[in-house]
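Novice: Spelled out, the chains give:
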Amino acid sequence: MEKRCDGRKQDELRPMKAKVGVIPRADGSAMFQIGNTIAYAAVYGPRELFPKFMQNPERGVLRCAYNMMPFSGHGERVRPGGSRRAKEISVLTEKALMPVLNLAEYPNSVVDVFVELPQTDAGTRCAGICAASMALADAGFEMKDLVCSLSMGILNGEMITDVNGHEDCVLETTDVPMAYIPSMDKFSLLQLDGDASKEQLQELLKKGKERCMEIYAVMQKALKEKYKVE
Amino acid sequence: MTEELKIKDREIAVPGEVLAEGLGYLPSKGIQRVNDKLVAQRLGMINVEGKVIKLVPLTGTYLPKVGDRIVAKVIDILMTGWRVDTRSPYSAVLSMKDATADFIQKGADLTQYFALGDYLVTRIINVTSQKLIDITMRGPGLRGLKGGRILEVNSNKVPRIIGKEGSMVMMIKHATGCNIIVGQNGWIWISGEPEKEMLTEKTLKMIEGHSHLSGLTDKVKEFLEKETGQKIDLAAIQPAPEETGTQEYQERPQFRERRPFNDRRQSFRR
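Respectively, the protein sequence lines represent chains X and Z. So that you can map any letter, position 10 of the first sequence is 10 in the numbering used here, and since no number is skipped, the others follow by simple counting. So that you can map any letter, position 152 of the second sequence is 152 in the numbering used here, and since no number is skipped, the others follow by simple counting.
These aren't lab readings, by the way, just hints derived from the structure by calculation. Think of the CB as a built atom: it goes at the ideal place given N, C-alpha and C, for glycine as much as any other residue. Keep in mind that a hint or two might mislead.
Ranges between beta-carbon positions, derived for each pair [to be verified]: (1) Z:K164 / X:N36: 26 to 36 Å; (2) X:V78 / Z:S167: 53 to 63 Å; (3) Z:E11 / X:N36: 43 to 53 Å; (4) X:F50 / Z:T80: 16 to 26 Å; (5) Z:G50 / X:C5: 23 to 33 Å; (6) X:N56 / Z:R33: 23 to 33 Å; (7) X:P51 / Z:K65: 24 to 34 Å; (8) Z:E11 / X:E172: 41 to 51 Å; (9) Z:E152 / X:R77: 38 to 48 Å; (10) X:A86 / Z:D36: 55 to 65 Å; (11) Z:L78 / X:Q55: 15 to 25 Å; (12) X:M98 / Z:L234: 47 to 57 Å; (13) Z:D36 / X:L205: 49 to 59 Å; (14) X:V78 / Z:E165: 55 to 65 Å.
BS3-like mimics (lysine-lysine), calculated; alpha carbons at most 25 Å apart, straight line [unchecked claim]: (15) Z:K65 / Z:K106; (16) X:K226 / Z:K173; (17) X:K221 / Z:K173.
Just so you have them, the derived chain X footprint on chain Z, three or more residues with Cβ under 8 Å [said to hold, decoys possible]: (18) 54-60; (19) 127-136; (20) 224-235.
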């Protein structure tokens, strides 16, 4: 078994770093770094939602905005302003987070989550979801669990964990981003870019769950660290 | 069945964390029982009281509750009253009949009582399921605020700022000589000598930052003694019934010139 292009083992995650409360003006915020990908998430709200027709009288609305900053990487994808891709990822971030979030207490209001990526090297949506779920917890929302997210891949028939930029763009890896909710044992995000057989996919999900628990531990630690007694 | 406590007293719990196993332990607000496990539902500090596990939230936006005394800000003037910002996602309405005992002529100018941008000490009297809020100015100590300054703190830290039976806030008042009104929504009104106001602000910010630590009263006492250079005798501080101004309550609102809207309109917080 060969080592991967950045010297990692097949089932090894990139080094992770997480910090909570990085943006003082926000109601909740977090930073999540995995390898060279850095995601910042800021939560504002619940606050009044305008225009009024968007309000939901039954529960609060979650509104996510994903953005790769114009200097964050290279290639076709990185240019200033929104794009179809950014919009899609904003929506799927929302859908990945919604199963754990209880906004019934906040009718007619909105919770804004802004995910900004100052530096990108594949796995941005996953890093974004991790950062966003930490930021939501930091903002004091009622949540069933934290959502941890990771992209698994298949390269030359072998399963690899946490696909990096080179593997994703150059080596044509099959990329499977997933978001996992540990306490419910459920996936709230699953995408597939490339080819995978049924068996391969099942194997990927099984491995992905195990690796997600590593990310989960990092996220939990970061949240507790904020209130550590000196 | 095995019963096991997975977390220690005064530790921080994160959402999804299993706090205890077995049916022997009881959950409270912010904790849910999933099968035979107690799972935290939000970020907070754990208090284990016998068999009951309590979760004290450390963050979060203020949500209006009936009976809360809050400091609110007038943001709009309606046909029959005032709309005020409660520092929550929902604004409240102060109706004319709850605002004053005076007879107000039809079509009268309501800015004579409270103008845009004024801060009020009010009490929440009703909250509906859709978070429509009614507030009142009738009650001891409820009034419009003149002068002073407004400080913003996290509403979850308010109980620590007030302290046991108001001990903390009484101590700060005693040490600085400032008048302090703490709203449950995290807006605090301070009025006194400018330097003392600054000291009060610094003290309150310190409490907010250290609210999850124990022995806070001693720390604050030490800090105030150092800053003011005077000893504080905790026993000498008499707990006031409620930081009122009964006198001020009886005083009739002054008749004021009509204030122009545009000059006074400030940007709203949210």
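Novice: For each hint, tell me whether it holds in the structure or not.
Specialist: Each hint tested on the structure:
Separated by about 50 Å at the C-beta atoms, K164 (chain Z) and N36 (chain X) break the suggested range of 26 to 36 Å. For the pair V78 (chain X) and S167 (chain Z), the supplied restraint of 53 to 63 Å holds, since their beta-carbon distance comes to about 56 Å. Evaluation of the 43 to 53 Å hint for E11 (chain Z) and N36 (chain X) yields a failure: the beta carbon distance comes to about 34 Å. Checked against the given bound of 16 to 26 Å, the beta carbons of F50 (chain X) and T80 (chain Z), roughly 24 Å apart, stay inside it.
The hinted window of 23 to 33 Å between G50 (chain Z) and C5 (chain X) is violated, with their beta carbons roughly 57 Å apart. Our hint of 23 to 33 Å for N56 (chain X) and R33 (chain Z) holds, since their Cβ atoms are close to 28 Å apart. For P51 (chain X) and K65 (chain Z), the Cβ-Cβ distance of about 29 Å falls inside the hinted range of 24 to 34 Å, so the restraint holds. A hinted range of 41 to 51 Å holds for the C-beta pair E11 (chain Z) and E172 (chain X), which are about 47 Å apart.
A C-beta distance of roughly 40 Å is found between E152 (chain Z) and R77 (chain X), which places it inside the suggested range of 38 to 48 Å. Between A86 (chain X) and D36 (chain Z), the C-beta spacing of about 43 Å breaks the proposed range 55 to 65 Å. Checked against the given bound of 15 to 25 Å, the beta carbons of L78 (chain Z) and Q55 (chain X), roughly 20 Å apart, stay inside it. The supplied range of 47 to 57 Å is met by M98 (chain X) and L234 (chain Z), whose beta-carbon atoms lie about 50 Å from each other.
For the pair D36 (chain Z) and L205 (chain X), the supplied restraint of 49 to 59 Å is violated, since their beta-carbon distance comes to about 27 Å. With their beta carbons about 58 Å apart, V78 (chain X) and E165 (chain Z) fall inside the hinted range of 55 to 65 Å. At most 25 Å may separate the alpha-carbon atoms for a hinted pair to count; K65 (chain Z) and K106 (chain Z) exceed this at roughly 32 Å. At most 25 Å may separate the alpha-carbon atoms for a hinted pair to count; K226 (chain X) and K173 (chain Z) exceed this at roughly 30 Å.
With a C-alpha separation of about 39 Å, the suggested pair K221 (chain X) and K173 (chain Z) falls outside the 25 Å cut-off, and the hint is violated. Remark: the stretch 54-60 of chain Z is confirmed as covered by chain X, as 4 of its residues place a Cβ nearer than 8 Å to a Cβ of that chain, reaching the required three. For the stretch 127-136 of chain Z, the assignment as covered by chain X holds, since 3 residues bring a beta-carbon within under 8 Å of that chain's beta-carbons and 3 suffice. Here's how the stretch 224-235 of chain Z fares: 0 of its residues keep a CB closer than 8 Å to some CB of chain X, so the rule of at least three is not met and the hint is violated.
Of the numbered hints listed earlier, those contradicted by the structure are 1, 3, 5, 10, 13, 15, 16, 17, 20.
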